[in-house]
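**Student:** Let's have the full structure, built from the sequences with the hints guiding it.
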Amino acid sequence: LAKTTQPISMDSYEGQEVNITCSHNNIATNDYITWYQQFPSQGPRFIIQGYKTKVTNEVASLFIPADRKSSTLSLPRVSLSDTAVYYCLVGAGRGTYKYIFGTGTRLKVLA
Amino acid sequence: EAGVTQFPSHSVIEKGQTVTLRCDPISGHDNLYWYRRVMGKEIKFLLHFVKESKQDESGMPNNRFLAERTGGTYSTLKVQPAELEDSGVYFCASSWTSGRQGQETQYFGPGTRLLVL
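In order, the protein sequences belong to chains A and B.
Heads up: the first sequence begins at 1 in the numbering used here, then just goes up one per residue.
Heads up: the second sequence begins at 1 in the numbering used here, then just goes up one per residue.
Fair warning: there could be bad hints in the mix.
Said to hold, decoys possible - Computed list of chain A residues with no C-beta within reach of chain B, every gap over 12 angstroms:
# : residue
1 : T21
2 : P65
3 : R77
4 : S81
5 : V85
6 : T96
What the hints assert, rightly or not - Derived lysine-lysine pairs resembling PhoX-like cross-links, with alpha carbons at most 20 angstroms apart:
# : chain 1 : residue 1 : chain 2 : residue 2
7 : A       : K3        : B       : K78
8 : A       : K3        : A       : K52
9 : B       : K54       : A       : K3
Unchecked claim - Per label pair, the in silico range of CB-to-CB distance:
#  : chain 1 : residue 1 : chain 2 : residue 2 : range
10 : A       : K69       : B       : F7        : 33 to 41 angstroms
11 : B       : W96       : A       : E58       : 14 to 22 angstroms
12 : B       : R22       : A       : T29       : 29 to 37 angstroms
13 : B       : G16       : A       : P76       : 49 to 57 angstroms
14 : B       : L117      : A       : S41       : 17 to 25 angstroms
15 : B       : T5        : A       : E58       : 35 to 43 angstroms
16 : A       : I8        : B       : P8        : 29 to 37 angstroms
17 : A       : S23       : B       : S98       : 31 to 39 angstroms
18 : B       : L117      : A       : F39       : 25 to 33 angstroms
19 : A       : D11       : B       : E52       : 43 to 51 angstroms
20 : B       : P81       : A       : N25       : 36 to 44 angstroms
21 : A       : E14       : B       : K51       : 27 to 35 angstroms
No lab work stands behind these hints, which were simulated from the structure alone.
For glycine and all other residues, C-beta sits at the position ideal for the given N, C-alpha and C.
**Tutor:** Rendered as structure tokens:
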């Protein structure tokens with residue numbers, strides 16, 4: 001089954017680009033990778049989803065290498081309000097409808 | 001469009017009591033998922049409904065947990081009897097059914113915070 005790991009925490013300054021990587025070694029062929037942002041006392045909020053190469057939307061970019069064993073969420077020019085926990089979510093593997101959250105990365109943006 | 005809603009937002013019960021959590025998915029979403037995070041641990045998958053059918057309940061911790069989704073709309077998660085280790089935050093999510101399995105984007109509710117004393 002897929003296992004996902006992320007760095008526990010990261011610090012950044014306002015205006016910088018932040019890259020958070022999730023390792024998912026056993027991702028199944030058909031599974032997409034989804035990233036979420038979570039603030040205290042709230043549910044995870046969808047940021048971006050991708051299958052391979054690069055995906056970009058109005059808030060983030062997602063980079064997925066050819067082997068798809070990892071993915072990197074890129075947040076351009078972070079602000080204080082981006083301080084949150086970021087999670088990746090992937091399917092648990094072929095033959096299952098189970099999903100696995102990453103361990104979560106606590107991002108702190110400093111002024 | 002309303003998002004995923006969960007009720008109650010908080011619940012405090014005593015060990016041995018029963019608690020029922022409710023999740024209302026986004027209208028039209030056939031897929032409904034339950035997750036939970038116990039103190040200090042990761043968010044763990046509990047189960048997945050497609051309409052009223054349980055597609056995968058491999059994450060349910062034991063037979064004290066019962067999830068239902070009658071009519072394929074809202075879902076309930078009952079814990080009976082509750083134990084101390086059941087304390088945590090229970091999240092519900094829903095998604096459309098994509099033509100490609102694995103592509104469904106899950107949208108989460110705010111969670112129910114359960115404390116068992």
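**Student:** All hints, please: hold or fail.
**Tutor:** So, going through the hints one by one against the coordinates:
no.	hint	in the structure
1	T21	holds, 17 angstroms
2	P65	holds, 18 angstroms
3	R77	holds, 25 angstroms
4	S81	holds, 18 angstroms
5	V85	violated, 10 angstroms
6	T96	violated, 6 angstroms
7	K3(A) with K78(B)	violated, 28 angstroms
8	K3(A) with K52(A)	holds, 18 angstroms
9	K54(B) with K3(A)	violated, 23 angstroms
10	K69(A) with F7(B): 33 to 41 angstroms	holds, 39 angstroms
11	W96(B) with E58(A): 14 to 22 angstroms	holds, 21 angstroms
12	R22(B) with T29(A): 29 to 37 angstroms	holds, 36 angstroms
13	G16(B) with P76(A): 49 to 57 angstroms	holds, 51 angstroms
14	L117(B) with S41(A): 17 to 25 angstroms	holds, 20 angstroms
15	T5(B) with E58(A): 35 to 43 angstroms	violated, 26 angstroms
16	I8(A) with P8(B): 29 to 37 angstroms	holds, 31 angstroms
17	S23(A) with S98(B): 31 to 39 angstroms	violated, 25 angstroms
18	L117(B) with F39(A): 25 to 33 angstroms	holds, 27 angstroms
19	D11(A) with E52(B): 43 to 51 angstroms	holds, 46 angstroms
20	P81(B) with N25(A): 36 to 44 angstroms	holds, 39 angstroms
21	E14(A) with K51(B): 27 to 35 angstroms	violated, 46 angstroms
Of the numbered hints stated above, those contradicted by the structure are hints 5, 6, 7, 9, 15, 17, 21, listed in ascending order.
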